[in-house]
Amino acid sequence: MWRMLVQIAKNGLRTEPRPEANDDWRIERAEAERIHADILAILGRALTIREVDAGSCNGCELEIHALNNPYYNIEGLGIKFVASPRHADMLLVTGPVSRHMEVALQRTYAATPAPKLVVAVGDCGCSGGIFGESYASCGKVSNVIPVDVAVPGCPPPPLDLLRGILTAIRRRE
Amino acid sequence: MPLSALNCQFHALPGPLPMQRATVTREQWQMAPAAVDQVGGRLVSLWGSDRRGIDGGFAVSAAYALAEGLAWLSLPIPVPLPDAAGAGQASYPDIARVFPAAGRMQRACRDLLGLVAEDATDQRPWLRHGAWPEDYFPLRRENSGAESFALTPESYPFVLVEGDGVHEIAVGPVHAGIIEPGHFRFSVIGERVLRLEQHLGYKHKGIEKRFEHIAPLDGYRLAGRVSGDSTVAFAWAYCMALESIAGCEISWRARWLRALLLERERVANHLGDLGALGNDAALGFGLAQFSRLKEDWLRLNRELFGHRFMMDRVVPGGVDVDLDANAGERIRRQCDEIEADVRTLKGIYDEHSGLQDRFLTTGRVSPKLAAQLGLCGMAGRASAQASDLRMDFAWEPYAALQATMVSHRNGDVAARVTVRFEEILESLRLIRETVRRLPQGTLRIALNPLPAEGVGAGWVEGWRGDVLVTLELEAGGIRRCHCHDPSWQNWPLLEHAVMDNIVPDFPLINKSFNLSYSGQDL
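Protein sequences, first through last, are from chains Z and L.
Residues in the first sequence are numbered consecutively from 0, following numbering that gives the first Met the number 0.
Residues in the second sequence are numbered consecutively from 0, following numbering that gives the first Met the number 0.
Don't read these hints as lab results, they were simulated from the structure.
Warning: the hint list may mix true and false statements.
[Unchecked claim] Pulled a few chain L residues facing chain Z out of the computed Cβ check, cut under 8 angstroms:
{"#": "1", "residue": "E146"}
{"#": "2", "residue": "L150"}
{"#": "3", "residue": "G176"}
{"#": "4", "residue": "F183"}
{"#": "5", "residue": "L193"}
{"#": "6", "residue": "R194"}
{"#": "7", "residue": "Q197"}
{"#": "8", "residue": "G200"}
{"#": "9", "residue": "H203"}
{"#": "10", "residue": "R209"}
{"#": "11", "residue": "T230"}
{"#": "12", "residue": "G283"}
{"#": "13", "residue": "S290"}
{"#": "14", "residue": "E294"}
{"#": "15", "residue": "W296"}
{"#": "16", "residue": "S517"}
We put the CB at the ideal spot given by N, CA and C, even for glycine.
Taking the hints into account, I'd like the entire structure generated from these sequences.
Printed below as a string of structure tokens:
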């Protein structure tokens, strides 16, 4: 336990680095603070997200996981990933949507209560990407369920994901 | 040559690793599994191809790993004559009786090409869930892959476990986390898992058909998206296959840089999983610490190589990155910093009784079972299956770096955690040595002119295990590109690893393997 405390103390709070003018992180933090304020202003409460991998290469999932690390600290912003669509305000969907995930995605969407926001993630979620449409792929997410915001990138870095999530909230203002 | 008794005519495939290919007869195909098994070899992959444009028929291939290298056996299958019902069946002898890992691959081969393993015990579809009809075979040349069919849901006959108090827990395809989709059917009594049956294929998105519409020189991008967490391994294997066909050798510098990227990919994945394993055992501290280290790692990737996961940085003929002295110094310094933290965290994990209580004896795969069912890669090495392509063969740069294999015998979650810790430390050493001794040379050579026809293979030890890419060119285009992820072998072992464990330990056991869904669904 002592060593854990030492390790924690040694590393400090990564979400609040020293405010230096040339510190890249400061820019990210400023962005993050703005997101926090916006979520509270628009939703008035925490935002809950259900992530649905509808056929990705798993690259987008790596970046969505990164949102939970201490640098982006997404829970500290009042955004939480939940285990059921019934608990979610938003679906974060990676694609392309495989034919075999088409029904599962539709059912997940149906199970999500209002405001039912949908953010499509990655080049594949936006357009089908390198996989396109075929006997096995429906292509982009909006071919299967309504999409509010599509975040490009292969995969989109965590800050782009955050911006996409925020953009979707603002669209429902 | 242990296969010498078969009298196959092998020809070597050029490449940094020893690989050879032979066209075999039915008898040789049937005798091969036992011959391979006898000398301790293992099955790497099984796949089919439509070679009617090349030699008038179909073919089924099996790749075996032997002490001498990779042996790719290809069995021609004549186009069947129509039978009384009007449709003949192309078939080949089943090899799953000797190598059970072949079972799912044979089922996939039937779904995609209509080639049937004769007398196979399991004839259920594997990758086809009703998105296309039973008589449509996407990898046949007459089909473009753009066909679309109405979804006809088929019920999948799971094996039923019966008895007093037995009930089923159905999980997925949408899982309760940021995880890839798949279906798990648990048969349990109370908390105890009697049986797990997986149903995968939900992510099948037609990657292998897609290759047919991509120029050979561009295929590395698609290969790099077979499984995003192994993008370097797959892109390297694809490029190795293409370079094998072109018969060209890339520069030493490019080869060393590829190894550098591959080791950085290995460290990134192990860091992420070690954090998640701590979290799954209720030690949030572990997730916070390791995910911080991983983020530092990815940010340096972005800065030095232009991409956090190094996608599209291994290219045909070499690499699309370079290192100057300053970048080398930054990598060296970061390795030192991360190593100090990883050693501290290892001490904490090792001494944390709550964590060890969850890790030890959980999800055990005995060395015997691992050998029988062909557990491979990192998980295999945690169950005494001492195989790692980086050390199994003498090839650069790993021979020059004197890379050391990590292996353990216990085969439980704790052993897989230990292997990951030790592999991180070894990879950090390899990365520092690579930076220090990086040879001079061209970063990328031109592969032109590429032969219009030919076969090649690429074989790379990704972080999860060995990935194999086999490539067949026809008329200047890709006729067949088969990408094999080691998850094919290891998923069935996960079914065994959870038996007799309690349901709440499943996420922990699952994460200790962290298998790819996309890599096996394709």
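Verification of the hints:
1. E146: 5 angstroms, holds
2. L150: Hint holds; L:L150 Cβ to chain Z Cβ min 7 angstroms, cut 8 angstroms.
3. G176: 7 angstroms, holds
4. F183: 14 angstroms, violated
5. L193: 25 angstroms, violated
6. R194: Violated, because the Cβ-Cβ distance from L:R194 to chain Z comes to roughly 24 angstroms (cut-off 8 angstroms).
7. Q197: Not OK, violated: L:Q197 not within 8 angstroms of chain Z, min 14 angstroms.
8. G200: At about 6 angstroms, which falls below the 8 angstroms cut-off, the nearest Cβ of chain Z leaves the hint on L:G200 intact, so it holds.
9. H203: This interface hint holds because 5 angstroms falls under the 8 angstroms limit.
10. R209: Holds, about 6 angstroms.
11. T230: 7 angstroms, holds
12. G283: 11 angstroms, violated
13. S290: This interface hint holds because 4 angstroms falls under the 8 angstroms limit.
14. E294: Check passed: Cβ of L:E294 comes within 5 angstroms of chain Z, closer than 8 angstroms.
15. W296: For L:W296, the interface hint is violated, since the closest Cβ of chain Z sits about 11 angstroms away, which is over 8 angstroms.
16. S517: Nearest chain Z Cβ about 5 angstroms off; hint holds.
Violated hints for the displayed structure, listed by number in ascending order: 4, 5, 6, 7, 12 and 15.
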